[in-house]
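There are 2 protein chains.
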Amino acid sequence: MTTSLPHAVDPRALTGVLDGRWSHVRRDARENLHDPELLPVYGESMAEARQRVTRMARKIADSGRVSLGFPKEYGGEGDVGGSVTAIEMLAFTDLSLMVKAGVQWGLFGGAVQALGTQRHHDAYLRDIMSFELPGCFAMTETGHGSDVQQLRTTCTYDPATQTFDLHTPHEAARKDYIGNAAKDGRMAVVFAQLVTQGTNHGVHAWLVPIRDEQGDPMPGVTIGDDGPKAGLNGVDNGRLTFDHVPVPRDMLLDRYGQVAPDGTYTSDIENETRRFFTMLGTLVRGRVSVGGSAAAAAKLALDIVVRYGDTRRQFSAPGADREILLNDYLVHQRKLLPALATTYALHFAQEELVGTMHDVQAAEELDEGAQRELESRAAGLKAAQTWHATRTIQMCREACGGAGYLQENRLPHLKADTDVFTTFEGDNTVLLQLVAKGLLTGYRDAFGSLDGWGKVGFVADMVRETVLERTAARGLIARLVDAVPGRDDEVPLLDRGWQLKMLEDREKHVLESAIRRLRGGAEAASSPARPVRPFDVFNDVQDHVLRAAQAHIDRIVLEAFVAGIERTTDADARALLDRVCDLYALSTIEADRAWFLEHGRLTPTRAKALIAAVNALVKELRPHMVTLVDAFAIPEEWKGAAILREEDDRQEAMATHDVAAGDAELRRGTATSVEVPPGQ
Amino acid sequence: MTTSLPHAVDPRALTGVLDGRWSHVRRDARENLHDPELLPVYGESMAEARQRVTRMARKIADSGRVSLGFPKEYGGEGDVGGSVTAIEMLAFTDLSLMVKAGVQWGLFGGAVQALGTQRHHDAYLRDIMSFELPGCFAMTETGHGSDVQQLRTTCTYDPATQTFDLHTPHEAARKDYIGNAAKDGRMAVVFAQLVTQGTNHGVHAWLVPIRDEQGDPMPGVTIGDDGPKAGLNGVDNGRLTFDHVPVPRDMLLDRYGQVAPDGTYTSDIENETRRFFTMLGTLVRGRVSVGGSAAAAAKLALDIVVRYGDTRRQFSAPGADREILLNDYLVHQRKLLPALATTYALHFAQEELVGTMHDVQAAEELDEGAQRELESRAAGLKAAQTWHATRTIQMCREACGGAGYLQENRLPHLKADTDVFTTFEGDNTVLLQLVAKGLLTGYRDAFGSLDGWGKVGFVADMVRETVLERTAARGLIARLVDAVPGRDDEVPLLDRGWQLKMLEDREKHVLESAIRRLRGGAEAASSPARPVRPFDVFNDVQDHVLRAAQAHIDRIVLEAFVAGIERTTDADARALLDRVCDLYALSTIEADRAWFLEHGRLTPTRAKALIAAVNALVKELRPHMVTLVDAFAIPEEWKGAAILREEDDRQEAMATHDVAAGDAELRRGTATSVEVPPGQ
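From first to last, the protein sequence lines stand for chains A and B.
In terms of my numbering, the first sequence has 373 at position 373, counting the first letter as 1, and numbering is strictly consecutive.
In terms of my numbering, the second sequence has 512 at position 512, counting the first letter as 1, and numbering is strictly consecutive.
Here chain A stands alone, though its shape is the one from the complex (with noise of 0.2 Å):
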């Protein structure tokens, strides 16, 4: 791992180890995705953006390229991970697209598809895949994002006329930034309490159509529009309230839980609260999606401000011929390379979990813990690439300057379109919370009802095998972080085996003194001396537990980097991804090295040698960064960045002008007096 990089690597062997399994849907998007009218247009206006959007779904639609997910008797080619690679490259294009398309072949199609039943796939699931059914995916609520199981809208079944009554009890029931629900919708996957015989079966799902063949909303509901957001001004984001609707029995998509004439409730799963898991756990796909979509538009950002960096000169230096290219600054390097290594390893993260839903939703039985720990993998993916989207397209706007601020510059519509990423399709704090929870063993059993708080005591003495499971790589991992010798101190920051057992034994520490923290807390709650609200118990601990599980999903995310790189057999390429992964492994232990140093982990002495080997890694990794970016293989008709059409031309006019005005006369500054003017 410390041989030297070579001179140059060709990135083509690089975009062929990240292109990975669904490689064939990569290219098919990237050789025939092109359309006039793909790209965001700047400055149009939000009902141009909804009727462009619009226009292009229908295209997309007719292409097939949306039906891979869908079964194979209906036209689809039962393709999971295809159909959410497919999202993942339209997220290069248009944001306002793949969401459009997330929710009608993801949500609205993969609900009806995963909670429906045959009835409902013969009845819809083609006209769903031919965009001539547009729908709603209608599960939030103004009063409820995160929480669904206290949804208020209920659906309560009447044997009588053996139908259900749709009802929005109050404003704060109303669905609310529902896509597809402004304009293009005609029915809504509707989320619900289901009601009958006197008792609430909680959460299910009816096809409920909203507009009729003219457009108009249906008898008794009412749809409201979100109006402008800050980005995705494509997606008519809307909100529908329902008044004691009207919906016939075989309209409930009754996979899970079934209403017969006479109201009698059945189900498969018996209890509760582990049958609404699962329907959600059926859902997961949009998850992964937007994961691998914010992943995209950091991809593109990267690509952007990368070749930028590479063209754009400024501010002098002593000796120097021409100013100071952006990107041989230090600062530059050290605001650009960590957050392209972090990309790269959440790209192998990604791949790792699409493959592993792909085969989890494929297998013929379901099998609930490989479902439980998808859902958790995808939970906790997605909150870090979406946060590491949003930071890294931040940093790319702001190193591009007054450029990149125009919108015919990319940036802005990267940013705009991608912020509502952290919190839709669950919140992310909200996330890491259940990813936390995933991860304390027992604690789940012991606080999962009311009763739980404080009586039961914590079965949790450790942490189970299965937090630290492997990863993709496991027999190579476990061997690389046995063979660190016991003095960690001496070890050479660049052994994979030290940086992996550095996170490993943060996750593993931070893990057991919360669930220690929490015992203590319960213990307490339940003295009868000085009581304490469970509420409390939890509340003072959850920064702790939030913690648990960041330092997991960075663990998980290195394993993933390393078992990709086990995958590549081109050697330059091999090299280039493992110093980049160096660079992963020790900025993530840089950006949190006073844990290491307050658990005894890292001393200062290395903790300042730690600081010292980022650097060097960014000065070695400086000639590659554009072969980095390159390997995206973005095509340049999706880049849509004037300055990267214009700024090469500008220099050279300005390097042959100096010359020919006599140098010396206008260069002026150096890169060491830097002084900074006022603005426009």
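It is worth saying that the hints were derived from the structure and are not from the lab.
You can take every hint at face value.
Derived DSS-like pairs: lysine-lysine, alpha-carbon spacing no greater than 30 Å straight-line: (1) B:LYS501 - A:LYS608; (2) B:LYS639 - B:LYS619; (3) B:LYS619 - A:LYS508; (4) A:LYS608 - B:LYS508; (5) A:LYS619 - B:LYS508; (6) B:LYS335 - A:LYS508; (7) B:LYS608 - A:LYS508; (8) A:LYS608 - B:LYS608; (9) A:LYS335 - B:LYS508; (10) B:LYS608 - A:LYS335.
Since the structure of chain A is already known, use the hints to place chain B on it.
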């Protein structure tokens, strides 16, 4: 400093302290700055936004509210501090209007005032103040933003015609991002290299007509439009290209450099670089305004998120009657309260800066040292304020979930409009470098010229006295720091002297070690044995140097907060501010605790105690969150966020309905069994 907080604090007492020296300007704006067209209209097109903002600019001009900073003889009040405060208050309404006003009266008018002489003042100031003469500040070029000395536009004097020839030699030299250029501007202050008698005298400014009475471009002037931007779409940013445009001799703004009819150049300031920086220095007002406006936007975003979080409930808890308020979650407090504390800290630092600027600029004689200090302070605070605004508004958007993504809830505009603040009026990274440079004694002189590198020994063996020169509360702070006993480890974390000492120690140490590294590098550079490029010497230490600047700013800001508390007479307000100051100090140290651990300033045990202390502080401040935003005294009409009007009613409706419907039936999840839905 360990007294307990009063149960409730009157926000008006806090407002009185925050309003400070220009409280009359703030009160006037709150009471009288109201107009139906004042707020951004959600969904308006770029053309509509520009028209509205131009109309508002005229109205504001008529109100006289923007002429405070102009000389009394032209109808102003010669009140520089008041003029900056007035701009800051505009920022609460529509940031496009704030920027438009900043361009017209701050930059354009300010440049005519500061760089021009009486004939320019007599001819133009009144029309500038009344907006009869809308104008541009044409400094930045497409090819050069931060490095103004490198501008490529030339203005060459011809004694035969007694005119200058203003020329854009190539695309990279066109003026870009120029506010008021695309639509409204009639004249522009154009910055260019002044060439006369075959010699370039460096950058100067001319007053140049760019449009005729009909609004058509003047001969030789080409005007382009920057088109839609990420935000600030009410400002008509554009591009100016000059094709050998003749400019009469008397249109040179000649306060600091004059050209006689025969082309002889004269100036009171012999040294070209000093002259250049003196000219730029007079324009510091723009940068101070941007910092203050960023602060206003952050306050408004915090106002929205804190009030929303005090109404919005999400997830149940065992034993609790209703769902939990967002503001009751530790992780939510951990996001909001340190941001709020930093907002307070920066407010006091800004207040001090505005006062200093007012006094320096009002002085009869130019105090060059004081001006230099002022510029450095303005640069550092502008960077701190604008990065804080970017981070804080982003956090507020996310903390409001989907609601935060709707334009009707204001946060999208606040985010998009302020986004460019971090890179205009000086790119923040470059500004930090400027601050750092000011901190390195001797270094400047040694590095100022090309020859200096390596040859000249570094004179700076110690950090000069002025680096740790005290801010407003000099005596008090020295006493507090001196009172800290020797053993840092035993001092309570809430001891203000200890907090001050920590930030002071860090600044001193980081600066001294940066100087040592630079000196070492320079010696290596001058060694014949192993030559190092001078640029590399500088570049290898760039991150370290910027860290010194950051440490300096943190210390300055804390001292300003302490000085602000010292001025507070109301006992309750003072107690609350004291605790907010603790949170600012400790969360600042916490964020960089790795450094303190690495440098022996914190033991691991104490670092952990610090984290616990921050948690305890946010818990203690929880009941005062709303008071802390009430104190900003933002009028309801300026807020324009639908959720502030609606959420309370929704929660009430839901609570009433739930009780009626049978509470237990519908309330299912708990805060500790959090699961998350896919989105829409």
